[in-house]
Amino acid sequence: MADVSLAGIGKCFGPVEAVRDLSLSIADGEFVVLLGPTGAGKTTTLRLIAGLERPDRGSVAIRGRDVTAEVPADRDVAFVFQQYSLYPHLSVYDNLAFPLRSPAHRMDEALIRRRVQQVAELLHIAQKLGNRATALSGGEMQRVAIGRALVREPAVYLMDEPLSSLDAKLRAELRLELKRIQRELGTTILYVTHDQIEAMTMADRIGVMSEGELIQLGTPRDIYERPQNAYVASRLGMPAINLVPAEALAGQSPPPEARTVGLRTEHIRIFSADHSRPRAWVSWVEHLGDQNHVHLRLDTHSLVTLADPAQELKAGDQVSLEFREPLYFDQRGNRIVTQGWPA
Amino acid sequence: MAEIRLEQVVKSFGTFSAVKGVDFTVDHASFFVILGPSGCGKTTTLRMIAGLELPTCGRILLDGDDVTALPASARDIAFVFQLFALYPHMNVRQNMGFPLRCQNLPRAEIKTSVEEAAKLLRIDHLLERRVGGLSGGDRQRVALGRAIVRRPKAFLMDEPLGALDAEFRRLMCGELRELHDRIEATSIYITHDQLEAMAMADRIAVMNQGRVEQIGTPQEIYDRPRTMFVADFIGAPPMSFLHVHTSLRRGDRILMIDGAPVEMPEVFEDRLEGKFALGVRPENVAFADSSQLRGQVIGAEYLGTTQIVTVTTASGQVRARLPSGNLVQVGETVGLKLRSDRLSLFDAASGDALSSSLQAGGRHG
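Residue numbers (the numbering used here), protein chains in the order written: chain E, 4 to 346; chain R, 3 to 367.
Relax, there's no trap hidden among the hints.
Heads up, simulated DSSO-like pairs for lysine-lysine below, C-alpha to C-alpha not over 27 Å straight-line:
| no. | chain 1 | residue 1 | chain 2 | residue 2 |
| --- | --- | --- | --- | --- |
| 1 | R | K22 | E | K172 |
| 2 | E | K172 | R | K277 |
| 3 | R | K339 | E | K317 |
| 4 | R | K155 | R | K113 |
| 5 | R | K155 | R | K121 |
| 6 | E | K182 | E | K131 |
| 7 | R | K277 | R | K339 |
| 8 | E | K131 | E | K172 |
| 9 | R | K339 | E | K172 |
| 10 | E | K131 | R | K22 |
| 11 | E | K182 | E | K172 |
Listing some non-contacts, in silico: residues in chain R with all C-beta distances to chain E over 10 Å:
| no. | residue |
| --- | --- |
| 12 | T27 |
| 13 | L56 |
| 14 | H91 |
| 15 | F100 |
| 16 | P101 |
| 17 | R131 |
| 18 | G134 |
| 19 | E186 |
| 20 | R251 |
| 21 | R255 |
| 22 | T315 |
Quick caveat, the hints were computed from the structure, so don't treat them as lab data. Just so it is clear, CB atoms sit at the ideal spot from N, CA and C, and this is done for glycine as well.
Can you build the whole structure from these sequences, using the hints too?
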């Protein structure tokens with residue numbers, strides 16, 4: 004049984020169509036990540052499920068019950084916002100206990116203490132329980148905000164970029180923690196982000212959104228290796244996929260309908276210059292900290308690939324390229340399924 | 003333009019020491035980033051430079067002049083806050099001109115300064131707009147504009163992009179650095195985001211618990227971390243450590259780990275028996291059957307082009323960044339080959355890097 008299902012949802016704000024004909028089912032215990040740029044409709048989708056917005060069309064069901072007309076409090080969802088909002092006059096402990104003390108979820112104080120302690124340890128804020136919420140750093144406040152959702156056990160957790168305000172180390176830690184918690188507790192999570200690493204590492208399935216539409220839904224490997232179109236291909240991969248006109252790859256015999264070729268690092272082999280293969284120049288090698296990118300010039304096109312640590316390249320080097328099983332896209336940007344390449 | 007120098011600056015709040023003796027010099031027209039986790043003292047340091055806090059001891063020099071005791075208004079420094087506050091009832095032009103009107107400058111001069119600043123920030127087409135209807139990025143540009151109009155000697159920025167959504171942050175990074183280059187002002191920028199620091203800084207100071215752990219170019223900080231804290235804070239995923247108990251002699255180039263010889267940069271000091279940690283970044287780890295250093299695969303995170311594979315050895319966990327095409331089975335035993343010229347060796351007790359051919363200059367990658 005699907006824990007959450009959206010059927011034919013539409014939502015407009017004035018002339019802006021924020022969500023268009025969106026259907027999506029999230030299974031019990033599944034971690035689904037909606038990925039897309041600002042304005043794609045991700046947050047609106049979350050708010051529609053939470054009941055913070057009413058859809059113009061379509062229906063929302065949670066645990067098989069149509070909740071389209073219900074108020075947020077009746078829906079059994081927990082929402083974690085991007086901008087944390089805590090009660091400044093309460094301690095961390097009381098902030099975490101708050102959802103458990105509300106009249107709708109009244110709970111025994113001893114049980115509350117156990118839940119709060121458990122969640123605080125999970126999020127590494129156990130030593131701060133006595134602090135006032137205002138005496139915390141930004142990162143700590145965000146962990147309390149996440150913790151306030153985790154103390155409850157709703158049908159579904161809705162999370163709107165909950166990690167984006169944290170430092171990279173903490174973000175990576177909490178990413179793993181969230182995934183572990185979700186797996187262990189079997190919780191259902193719908194998570195919104197534009198960070199592809201969060202999507203790739205946490206999601207059971209990723210939904211790629213653009214301009215209010217769900218373009219593709221699939222496992223991370225599906226989305227990365229078999230993108231439906233050039234837009235989806237460009238959302239995943241670091242460095243981003245290189246999209247060049249098909250005629251730039253002379254001698255590669257692309258399918259006749261191909262207009263654009265998509266080249267990722269794994270499709271490009273770099274050799275020392277020879278006569279039989281297309282030649283390119285290294286424009287520069289960019290050091291980004293966690294990755295080094297090689298910028299190549301092939302005729303008038305520029306290509307960016309991930310540097311192979313074993314291959315020392317420097318600006319001005321002449322190299323030969325070989326392309327292996329790149330992705331091909333037709334005039335409308337849809338990927339062409341070629342033989343010898345998984346459909 | 004200005005040079006900013008901090009000498010043994012300390013700040014205590016009651017019994018709590020927020021900043022414990024910080025020294026650094028920010029050169030004329032350079033972009034200096036203070037990077038560290040929340041609570042490391044970076045904002046307090048910045049507030050002392052701005053004159054919003056008085057140091058408990060130490061000196062702050064602006065172009066050689068001691069400004070330690072001068073109030074903020076007398077320092078000719080502009081401060082851009084994390085949560086930029088614009089006046090909602092004023093339009094962009096009035097918001098940007100506000101600091102100049104407070105100084106009672108002639109109208110014509112204000113007009114010229116505001117329009118120049120707006121052009122620099124490419125928001126000249128928005129001057130007559132109300133700030134309420136602007137996008138987050140444009141609001142941030144207006145806030146920057148309000149700092150720029152005064153043409154101060156230096157800009158201090160406290161996570162100015164923290165309130166923006168992260169996709170937009172990337173874009174603004176490039177824009178801020180470009181703006182810095184155009185106006186040639188000295189900038190000090192505070193962040194906990196290593197990507198922002200790497201993308202913008204001429205030099206980075208990494209802070210932890212009130213102290214500066216290391217100052218250097220982004221590449222130095224990444225390739226030759228001076229402490230285990232820096233090694234662990236920078237990089238995604240961060241450096242992995244293999245722990246050994248041994249003694250070291252000047253000239254050593256081999257470290258025995260779990261009975262396997264591992265080649266490393268030449269050690270330049272003698273050390274008595276103790277605990278040490280060999281640090282390796284994920285991209286400098288490869289699998290090699292022939293290697294005697296063995297471990298068991300406990301997990302793989304698929305990232306598309308690459309995957310991060312975590313391997314446990316008797317001496318610690320190692321993360322490797324490998325092509326996704328390499329098939330890796332959880333549970334299998336693999337040999338690990340570490341790239342010898344990129345390894346860092348630390349004293350595990352103090353966390354400090356040992357002097358070695360890597361630390362002595364090594365090679366730029």
